[in-house]
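Chemist: 11 is the number of the first residue of the sequence shown in the numbering used here; add one for each residue after it.
None of these hints come from the bench; they were simulated from the model. This one's a predicted model, so the numbers in the text were calculated from it and none came from an experiment. Hints are not guaranteed to be accurate.
To be verified - List of simulated lysine-lysine pairs, DSS-like, C-alpha gap at most 27 Å:
#1 LYS114 <-> LYS94
#2 LYS131 <-> LYS105
#3 LYS131 <-> LYS53
#4 LYS241 <-> LYS114
#5 LYS13 <-> LYS131
#6 LYS105 <-> LYS13
#7 LYS105 <-> LYS53
#8 LYS94 <-> LYS131
#9 LYS53 <-> LYS13
#10 LYS131 <-> LYS114
#11 LYS94 <-> LYS105
#12 LYS114 <-> LYS13
Stated by the list, open to error - Ranges of calculated distance between the beta carbons of each label pair, as one might list FRET restraints:
#13 HIS49 <-> HIS249: 39 to 45 Å
#14 LYS241 <-> GLU120: 49 to 55 Å
#15 LYS13 <-> GLU119: 20 to 26 Å
#16 LEU55 <-> THR247: 42 to 48 Å
Positions of the beta carbon are idealized from the N, C-alpha and C atoms, including for glycine.
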Amino acid sequence: MTKILVIEDEAESREMFLECLEAEGFNAIGAQNGLVGVHCAQKHLPDLVICDIVMPELDGYGVLTTLRQNPVTAIIPFIFLSAKATNAELRHAMKLGADDYLTKPTTVEELLAAIATRLEKQAALKQWYTALHQISTPDVTEEAKPTTSESIFPSCPHLSEVFQFIEENYHQPISLCDVAQAVGYAPGYLTDLMRRLTGHTVNQWIVERRMAAACSLLLETNQSIEQIAEKVGYQNTGHFFRQFRQYQRTTPQVWRNTHRI
Numbered sequence: 011m012t013k014i015l016v017i018e019d020e021a022e023s024r025e026m027f028l029e030c031l032e033a034e035g036f037n038a039i040g041a042q043n044g045l046v047g048v049h050c051a052q053k054h055l056p057d058l059v060i061c062d063i064v065m066p067e068l069d070g071y072g073v074l075t076t077l078r079q080n081p082v083t084a085i086i087p088f089i090f091l092s093a094k095a096t097n098a099e100l101r102h103a104m105k106l107g108a109d110d111y112l113t114k115p116t117t118v119e120e121l122l123a124a125i126a127t128r129l130e131k132q133a134a135l136k137q138w139y140t141a142l143h144q145i146s147t148p149d150v151t152e153e154a155k156p157t158t159s160e161s162i163f164p165s166c167p168h169l170s171e172v173f174q175f176i177e178e179n180y181h182q183p184i185s186l187c188d189v190a191q192a193v194g195y196a197p198g199y200l201t202d203l204m205r206r207l208t209g210h211t212v213n214q215w216i217v218e219r220r221m222a223a224a225c226s227l228l229l230e231t232n233q234s235i236e237q238i239a240e241k242v243g244y245q246n247t248g249h250f251f252r253q254f255r256q257y258q259r260t261t262p263q264v265w266r267n268t269h270r271i
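Kindly generate the complete structure, drawing on both the sequences and the hints.
Modeler: Quick look at the structure:
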């Protein structure tokens, strides 16, 4: 049975949601405040969380932040259900990593539709992630070919803004915090999302793009290693040298000599 956690301090509303969910065949769990909700989420690992915002002990924003910071609970779909309905509050909720935001009063039909949408998207992401890991990584001994961003980054609509920012800025000294700020996510949430969907961190994708650009420059130009390192975002040539060797298992100059015709 699909397990859904409802975190709501108003007992009457909480019981109504629990009854509706159980009538639809869900395994519904209730929590009367944010602290209890966090404990229940960590204990029961629900398939989805529905949470109020204004609550004693710990508000909904605190619940979401806490869950997103824990790798065990970071990937659980999260729906806010609140009487607070301003654009600023909605934006803040989405920036923290909420998957949906419903305003009170809401109908049972609207709630069930939101739940169905999130569960369907979660299932689709899991299928995509499984398919991604079935694709083998090309061996470094294969013939070198020109590399484009399309051949590096996976086709994932949920991360398109992230990959676009990396593509446009990899030649600069960017970090996880820079990427997270650009796309409006908390760094911890973005790290968990990226790892869940691609198996890599944001920093690993930055390095991946830089290494691809470095290989292209090594093949197509006569620029020095120092010049190439600077062009692909490294302020320290030694750092570039170490990462290139870790990635290609050889030095930049040896790689250039081996792959040039």
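Chemist: Against the 27 Å threshold, does the CA-CA distance of LYS114 and LYS94 hold or violate the hint?
Modeler: 8 Å, holds
Chemist: Checking one constraint from the list: CA of LYS105 to CA of LYS53, max 27 Å. Satisfied?
Modeler: 26 Å, holds
Chemist: For the pair we were handed, LYS105 and LYS13, check the Cα-Cα distance against 27 Å.
Modeler: 25 Å, holds
Chemist: Is the straight-line distance between the alpha-carbon of LYS131 and that of LYS105 27 Å or less?
Modeler: Given that 27 Å is the threshold and the Cα spacing comes to 19 Å, the pair holds.
Chemist: Next pair to validate is LYS94 with LYS105; report whether the Cα-Cα distance is within 27 Å.
Modeler: Roughly 16 Å between the alpha carbons, so the hint for LYS94 and LYS105 holds.
Chemist: Given the hinted pair LYS241 and LYS114, is their alpha-carbon gap at most 27 Å?
Modeler: 52 Å, violated
Chemist: Would you mind confirming whether the straight-line C-alpha gap from LYS94 to LYS131 stays at or under 27 Å?
Modeler: 25 Å, holds
Chemist: Given the hint that LYS131 pairs with LYS53, test it: the Cα-Cα distance must not exceed 27 Å.
Modeler: 24 Å, holds
Chemist: Just tell me: holds or violated, for the beta carbon distance of LYS241 and GLU120 against 49 to 55 Å?
Modeler: 52 Å, holds
Chemist: Tell me if the beta carbons of LEU55 and THR247 are separated by a distance inside 42 to 48 Å.
Modeler: For THR247 against LEU55, whose Cβ atoms are near 46 Å apart, the range 42 to 48 Å holds.
Chemist: Just to be sure I understand the hint, the distance between the Cβ atoms of LYS13 and GLU119 should be within 20 to 26 Å; is that true here?
Modeler: This hint holds: roughly 21 Å between Cβ atoms.
Chemist: Given a hinted range of 39 to 45 Å, is it respected by the beta-carbon distance of HIS49 and HIS249?
Modeler: The hint (39 to 45 Å, Cβ to Cβ) holds, given that HIS49 and HIS249 are roughly 43 Å apart.
Violation of the numbered hints given earlier is confined to hint 4; every other hint is satisfied by the structure.
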